[in-house]
Structure formats: structure tokens, C-alpha cells
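*Asks:* Sequence:
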Amino acid sequence: MELSTMSLAVADAVATVTLTRGPALNTMNKAFWTELIEVFDAIAADMSIRAVVIASTGKHFTAGLDLGLAAEGLGGPPGDPGRAREAFRRHIHAMQRTFTVVDKCRVPVIAAIQGGCIGGGVDFVTACDLRVGTADCFFTIQEINLAIVADVGTLQRIPHLLPQGLIRELAYTGRKFGAAEAKSYGFLNRVEPDHAAAVASAQALAAEIAAKSPLAIAGIKAVLDHGRDHSIDDGLEYVALWNAAMLQGEDVPAAVGAQMRRETARFGDLNG
12 MELSTMSLAV ADAVATVTLT RGPALNTMNK AFWTELIEVF DAIAADMSIR
62 AVVIASTGKH FTAGLDLGLA AEGLGGPPGD PGRAREAFRR HIHAMQRTFT
112 VVDKCRVPVI AAIQGGCIGG GVDFVTACDL RVGTADCFFT IQEINLAIVA
162 DVGTLQRIPH LLPQGLIREL AYTGRKFGAA EAKSYGFLNR VEPDHAAAVA
212 SAQALAAEIA AKSPLAIAGI KAVLDHGRDH SIDDGLEYVA LWNAAMLQGE
262 DVPAAVGAQM RRETARFGDL NG
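Residue numbers for the sequence shown follow this note's numbering, so the first one is 12 and each next one is one higher.
Just so you know, these hints were derived from the structure itself, not from any lab.
Even for Gly, the Cβ is constructed at its ideal location relative to N, Cα and C.
Honestly, I wouldn't trust all of these hints.
Distance condition first, Cα-Cα at most 30 Å in a straight line; then the derived DSBU-like pairs of lysine-lysine [as the list claims (entries may be wrong)]:
hint : residue 1 : residue 2
1    : K41       : K187
2    : K115      : K187
3    : K115      : K70
4    : K41       : K115
5    : K115      : K223
6    : K115      : K194
7    : K232      : K115
8    : K194      : K232
9    : K194      : K223
10   : K187      : K223
11   : K70       : K187
12   : K223      : K70
Simulated restraints on C-beta separations [stated by the list, open to error]:
hint : residue 1 : residue 2 : range
13   : V160      : S18       : 30 to 40 Å
14   : V160      : K41       : 18 to 28 Å
15   : D244      : D147      : 43 to 53 Å
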């Protein structure tokens with residue numbers, strides 16, 4: 012797999028996806044939108060992977076969508092305006108899929124964020140399970156500053172992470188949402204002093220998750236995701252069915268036995 016905007020490395024059951032266009036502020040150019048899908052397809056196919064860390068390079072995590080690409084999309088082909096707008100709708104759906112594959116990844120995804128996380132960067136990290144940031148990191152729902160309605164995931168996912176009043180303020184004003192404020196609302200799980208410490212903290216979280224039963228982690232993520240758009244009663248029935256099906260495996264006896272012996276349990280990978 013040849014990549015120009017990011018790299019993928021796998022070690023000790025943790026996949027690390029690193030944005031590599033630091034000098035260009037990791038702006039999301041045309042290649043980014045397909046490469047992230049390719050990378051997460053590869054992660055989905057590798058059953059040895061039990062957690063993912065998203066890291067970056069340079070001063071900022073990402074400055075968001077490449078403005079040249081944005082202008083190209085708004086122009087549209089000549090001819091019938093109805094057909095042009097229908098094509099643009101499909102273009103938006105294709106971009107939405109890039110972050111949907113992150114959201115639907117079978118294993119937890121942890122973002123390590125330094126500096127600015129702007130526009131499409133917020134779409135990206137709200138599709139992740141956990142977020143670790145540097146003390147100087149900040150988030151901006153930048154689209155309002157470009158007279159655009161954010162359309163690739165932020166406005167759909169952030170209501171599950173922040174209070175409505177705050178979301179509306181951030182979306183309406185495009186102001187910076189800094190690390191201390193983000194931590195106070197639980198948007199950031201941890202705040203670290205610098206970039207290296209944030210990545211190390213994310214890797215430590217990933218390693219801790221990777222040591223747990225991958226079957227149980229998959230179940231927890233599936234049940235939590237199901238609960239985002241279902242009632243409590245629906246969610247209770249879903250988890251009952253999940254456990255009725257999945258608790259017959261070898262992981263529960265292994266975990267209970269290890270607890271009784273005060274040892275660390277070891278769990279096999281999921282089947283491919």
C-alpha cells in the first residue's frame with residue numbers, strides 16, 4: 012500500500028496511523044480522503060490489531076480541508092445545475108465515508124492531538140473513541156468562517172460528546188475551543204504537556220485496551236454505538252442478545268481464572 016499523506020505501522024497489537032504532511036499543516040488533500048479508507052480497510056482485515064492510535068507530525072494535528080480542493084468541489088461541471096448539484100451531493104457522501112470508516116472501526120481509535128485541530132480535523136477526531144491532547148491544542152469548527160455548514164460528521168457526532176449549548180456556540184462562532192476547556196467537558200480524556208507526551212499517553216491507553224479481551228472490547232464498542240440512536244429498552248435488548256451469543260467463548264473463563272490467580276489474562280485474536 013503506497014501512501015502519500017499518512018503512514019501505517021503495527022506493533023504489539025496496536026496500529027499507529029500518522030499524518031505525514033506536517034510542512035503542509037496536514038491539510039486534507041485529495042489523496043487523504045481515499046488513503047484513510049485504505050488504511051482502515053487494512054486495519055479491519057488484520058485481526059492482530061486491537062486498538063488504533065491516530066497521530067500527526069509538525070506544529071498542528073491538521074488545518075483541515077485543503078482549500079484548493081474545497082474550491083474545486085464548489086465549482087462543479089458546466090451544464091444542467093440540477094445534475095451538477097446531484098453530483099456534488101455524491102461527492103459529499105464520499106467524503107463522509109472517510110470518517111465513517113473510523114467511527115465504525117471494530118477496535119477503539121484514540122487520537123493524539125497537537126496544536127490546531129481545525130475544520131475537517133474536528134470531523135476526524137469526533138469519529139474517534141478517545142482523544143488525548145497537548146496543553147496547547149485547540150479545536151475549531153472552522154466551516155462557519157468559510158460560510159459552510161460542516162457536512163462530514165462533526166454536527167452529527169459531537170452532540171454525543173458535548174452539551175448542546177456549547178456545541179451551538181462553537182458551530183455558530185467558529186471560536187477556538189482550547190485544551191483546558193475541552194478537558195473540563197470530557198472532550199479530551201487526557202491533556203499532556205507536549206506532543207511526544209500526548210502520543211505516548213495515547214499509546215499507553217491503546218496498550219491497556221489491547222491487553223483486554225478483544226471479543227469483549229468489540230462488544231462494548233458495538234453496544235455503545237448502538238445506543239447513540241436507539242432507546243434504552245432497545246439498547247438493553249441488544250446487549251442481552253450480544254452477551255447471550257458471545258459469552259460462550261473462552262475469554263470469560265480465562266479472565267476469571269486469571270483474576271483468581273492474580274495473574275494477567277492472555278486472550279487470542281478474533282477470527283479473520
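*Asks:* Given the proposed pairing of K41 with K187, does the C-alpha separation stay at or below 30 Å?
*Replies:* holds, 26 Å
*Asks:* Is the straight-line distance between the alpha-carbon of K115 and that of K70 30 Å or less?
*Replies:* holds, 28 Å
*Asks:* With a cut-off of 30 Å on the C-alpha distance, tell me whether K194 and K232 pass.
*Replies:* Holds, at about 22 Å.
*Asks:* Using the beta carbons of V160 and S18, state whether their distance is inside 30 to 40 Å or not.
*Replies:* holds, 32 Å
*Asks:* CA of K70 to CA of K187, is that 30 Å or under?
*Replies:* holds, 16 Å
*Asks:* Run the distance test for K223 versus K70: straight-line Cα separation, threshold 30 Å.
*Replies:* Roughly 34 Å between the alpha carbons, so the hint for K223 and K70 is violated.
*Asks:* Run the distance test for K194 versus K223: straight-line Cα separation, threshold 30 Å.
*Replies:* holds, 26 Å
*Asks:* Using the C-beta atoms of V160 and K41, is the stated range 18 to 28 Å upheld?
*Replies:* Because 22 Å falls inside the window, the suggested range holds.
*Asks:* Next pair to validate is K41 with K115; report whether the Cα-Cα distance is within 30 Å.
*Replies:* OK: K41 and K115 at ~22 Å, within 30 Å.
*Asks:* Holds or violated: 43 to 53 Å for the Cβ distance of D244 and D147?
*Replies:* Check passed, 44 Å falls within 43 to 53 Å.
*Asks:* Given the hint that K115 pairs with K194, test it: the Cα-Cα distance must not exceed 30 Å.
*Replies:* Since the Cα atoms of K115 and K194 sit roughly 24 Å apart, the hinted pair holds (cutoff 30 Å).
*Asks:* Are K115 and K187 close enough, with their CA atoms no more than 30 Å apart?
*Replies:* Given pair K115, K187 holds - Cα atoms ~28 Å apart, limit 30 Å.
In terms of the numbered hints stated before, the structure departs from hints 10, 12, listed from lowest to highest.
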